[in-house]
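Undergrad: Protein sequences, first through last, are from chains A, B, C and D. The opening position of the first sequence corresponds to residue 0 in numbering that gives the first Met the number 0, with each subsequent residue numbered one higher. The opening position of the second sequence corresponds to residue 0 in numbering that gives the first Met the number 0, with each subsequent residue numbered one higher. The opening position of the third sequence corresponds to residue 0 in numbering that gives the first Met the number 0, with each subsequent residue numbered one higher. The opening position of the fourth sequence corresponds to residue 0 in numbering that gives the first Met the number 0, with each subsequent residue numbered one higher.
One or more hints might be untrue.
To be verified - Computed beta-carbon distance windows for the label pairs:
#1 D:Gly32 - A:Ser105: 47 to 57 Å
#2 A:Ala154 - B:Ala207: 37 to 47 Å
#3 A:Gly179 - C:Arg29: 35 to 45 Å
#4 C:Pro178 - D:Ile104: 31 to 41 Å
As the list claims (entries may be wrong) - From the derived model, a few chain C residues whose C-beta atoms are all more than 10 Å from chain D:
#5 Lys1
#6 Glu9
#7 Arg40
#8 Ser74
#9 Lys75
#10 Gly106
#11 Val125
#12 Phe152
#13 Arg155
#14 Ala180
#15 Thr187
#16 Leu200
If you're looking for bench data, these hints aren't it; they were derived computationally from the structure. Glycine included, every Cβ here is placed at the ideal spot set by N, Cα and C.
4 protein chains.
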Amino acid sequence: MKTILITGIEPFDNQAVNPSWEIARQLQRRQFGDAQVATCRLPCVFGLAAERLIEAVVVHRPLLVLALGQAGGRSKVSLERVAINIDDARIPDNHGEQPIDRPIISGGPAAYFSTLPLKAMVQAMVKAGVPAEVSQTAGTFVCNHIMYGLLHFLARADWPVRGGFIHVPYLPSQAAAHPGAPSMATATVLAGLEAAIMAALNTERDIAVTGGAVS
Amino acid sequence: MKTILITGIEPFDNQAVNPSWEIARQLQRRQFGDAQVATCRLPCVFGLAAERLIEAVVVHRPLLVLALGQAGGRSKVSLERVAINIDDARIPDNHGEQPIDRPIISGGPAAYFSTLPLKAMVQAMVKAGVPAEVSQTAGTFVCNHIMYGLLHFLARADWPVRGGFIHVPYLPSQAAAHPGAPSMATATVLAGLEAAIMAALNTERDIAVTGGAVS
Amino acid sequence: MKTILITGIEPFDNQAVNPSWEIARQLQRRQFGDAQVATCRLPCVFGLAAERLIEAVVVHRPLLVLALGQAGGRSKVSLERVAINIDDARIPDNHGEQPIDRPIISGGPAAYFSTLPLKAMVQAMVKAGVPAEVSQTAGTFVCNHIMYGLLHFLARADWPVRGGFIHVPYLPSQAAAHPGAPSMATATVLAGLEAAIMAALNTERDIAVTGGAVS
Amino acid sequence: MKTILITGIEPFDNQAVNPSWEIARQLQRRQFGDAQVATCRLPCVFGLAAERLIEAVVVHRPLLVLALGQAGGRSKVSLERVAINIDDARIPDNHGEQPIDRPIISGGPAAYFSTLPLKAMVQAMVKAGVPAEVSQTAGTFVCNHIMYGLLHFLARADWPVRGGFIHVPYLPSQAAAHPGAPSMATATVLAGLEAAIMAALNTERDIAVTGGAVS
C-alpha cells in the first residue's frame, strides 16, 4: 500500500500544544485514494527534527510528504514555496540551542523549492472554504530547517516522491491567550488538508495561477 | 418562560453570508438555565435594523439581548463597550443609503455603554478556549446604529434587561476570498457564546479585570 | 492676541520620549493667521493630566485646543472623534494608578464628540501629503481621559472655543526598538498639523465626506 | 576613485513616485570614506531591470551595490536576506508582463544570499534611530528579480564587490492615499542608509546577532 507521510512538531515557545501535531495525529491511518497516512511527531530541535523526519521517510518510502508546523500570527494555512539554507533562531529551540546565520547543510544549495503542486493545493483549499495561501518564507527557525532537510534528502531519493512544508495558524485555545492573534479551528484545517491532499495526488503538473507577493 | 434574544444581520458588502446570522440561527430555541433563545434576522439598513430589533424586544421582553454583527478583519470575538450617536457610512447600506455624520437619535446622548458584564463574559470565553476581547469601538455603520438604538430603548425599559453588541470575525469561507483576513469557525464562535451567555446570566456585577486599550 | 493651545504628554510606558510633546514644543509661539500657539506638557497621570489642561485653558482662553498624545502601533495621525466616560488602564499611569472601569466624571455624559472640524482637517493633511484619518476610539487610558476632561470643560465654556484630541504615531527612534511598529518623522507630523490647524481656523461647518468605520 | 552603486526603480502599480528612486537620487555623488555614490534608475520590467543594473555594475565596477525598491505595506527599512529563482507576478510589470512560476535564470541556483553584512547594517540603522530589520523574503516580483539577477552576476565578478537589496516603505505622500499603510519620510530613510553604508564599508565579517523569523 502507498503511504502519505504527515508530520507535526512538538510544542515550543512556552505553548502547551502545537497545532501541527494536533492536526497530523487526527489524519493517522486516513485513506486518500489508494494511499494511507502515516504520521510522525518531530522534536522542535535543530538537527534532530530533520533526522527524525528523514528516518520516517526512509521507513515509509511515501509518495507524498507533508511536514506541518505552527505559524503563530498567521491567519491562513500557508503552503511554503521555498526553504533556505540557514538557521537564524530568534528564540532557543527545545534543547536550548539558538544558532545564528549557520548553514543547515554546509556546502548545500542556498535553497530548495517545494515539490508540491502548491497552486492546485491552495485552489482546492479555497474551493473547500478554507483560507489558504502560498507563502514565500518559512522563516529561519526549526520549520524552515525541517523543510530544507526534507527537500535536500528528497532531491536524492530513488523513488517518485513529492514533499513540502505547510504552516498552520494557532489553535483558538492558543490565540485566546495572545492579544490580537488570529487562529483556525482544527476542523477547518483538517477540511483544508483533505482537499489539498487530494489535489496533490491528482495534479501531475501544477496549475498556472499567481500566488506571488509584490514585496 | 424567560427569553434571551439573539439577533444577527443579513449579508452586506457583497458577501453571500453574514456570520452573525449563521451563528444566531444555530442558537434558536437553545436553553440556558431557565431561559430560552429567540432569534431575529435584521436587515443591514440604517433605521429599519434598529426598528426591527426593538419590535423583537417588545414582543419577547427578554432578560438578555445579544445583537451580533460581522467584523471583517477582526480575529477575535469582540464584545463592544460603547455605541455612539453617529452614522458615518464608508459603504452604502442594503437600501443604498450612506449617511455622513448624522445623529442616530437627534438630541440623544452622545453614547451608551453596554449593560452586559463584558469582563466576565470575555473571561468565560477565554476559559472556554475561544479568542475574545473587549472592543472600544463598534464602528459607525449599521452595527453601531443597532447597538445605539437598542441601548437607547433599553434605557427606558420597564423590566430588568441587559443588552449589548458582539462582533464576530469572518467565517473561514469568507476569509478564503480575502487576502490576509482572519476568520473563526462557527463551532468556535458558538462555544464562546455559550460560555458568554452563562456568564452573563450568572454575573450580577461585572468583575474588575482590565479590558482597556492604551490607544 | 488670539491663542491656540497645543498640549503634549510626558513619556510613559518605559519610553524615553513622547512624540506628542516633541511635536507640541516645536509649535510653541508659532503664528497661524492672527493666532499664536501656546503649549503645555501634561503629566501621564489620571486626574492630574486633565486638571493641568483645564488650568491652561482657563489661563489662555484659546479659540482652539489640540491635545496631542502618543499612539504606539498606529501608522497615521489620528483625529479622535469621541471621548468616553471611562478609565480602564491596561498599564499603570506615571503615578502607578491603574483604574478599571471607573467613570472619569461620576454622573457625566457617556461621551463627548470632538468639536473640531475633523473631516476638513483630515482632508487638509492628506492634501499636504501626510497620512491622516478619523479614529473612532481614543482608547481608555490617559489620552481618552484628557480628551473627555477637556470636552466636559469646554461644553460649559463661556467663550467660542473648539477642541479635540489627536493621536500621533511613534517617532522613528521609538519604532526602531519595537518589532513591526510603524512610525512618523517629526517633520511629517508638523507639516500635517500646520495644514490641520489652518483648516480648523478656516472651517466653520465641517465638510461632508466619510471618515467612518464599518466595524 | 571607488564607487558605491545605488539603484532605485521607476514608479509602478499606479503610483506617481517610487520612494526607492527618490532616495537613490538624493545620494548621487555623495562621499562615503574614499568612495562616491553613482546611481541608476531601473525600469519596473522583468528582464530589462536586471539587464540595466548589470550594465551599470559593469560600467562602475563598484565595491558595494545597494539595489533599492518599494515595499508598500512595510513599516521598516528591510534588508533582504535572500533572492529566489522565480518570477510570480501578482500584478503586471510596466510592460504588461505577468509571469507565473517562471525561473529567472533557467538552470540557475534556487537562491542567492545577500553578500552584505546585514546584521551590522541593521544594527547601525537602529543605533541611528531608524526602524530597520532583516527580511526573509523579497517577494516574487521585479524587486526579487533584480536582486537575483544582481547576485547571479556578482557571484562571477572578478573584483571584490558586495551587494544586496533593500526594501523601503511608502513615502508619507503615498501612504496618505492608502488606508492603514505605514510610511517613512525620505530624511529618515536617508539617515538610515548613510549609517548602513558606513557599516557595510567598515564590516569585514558580519556580526552574530539574530535577525531571524520563527515563521
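Undergrad: Honestly, which of those hints from before does the structure not fit?
TA: The structure breaks hints 1, 2, 8, 9, 11, 14, 15; every other hint is satisfied.
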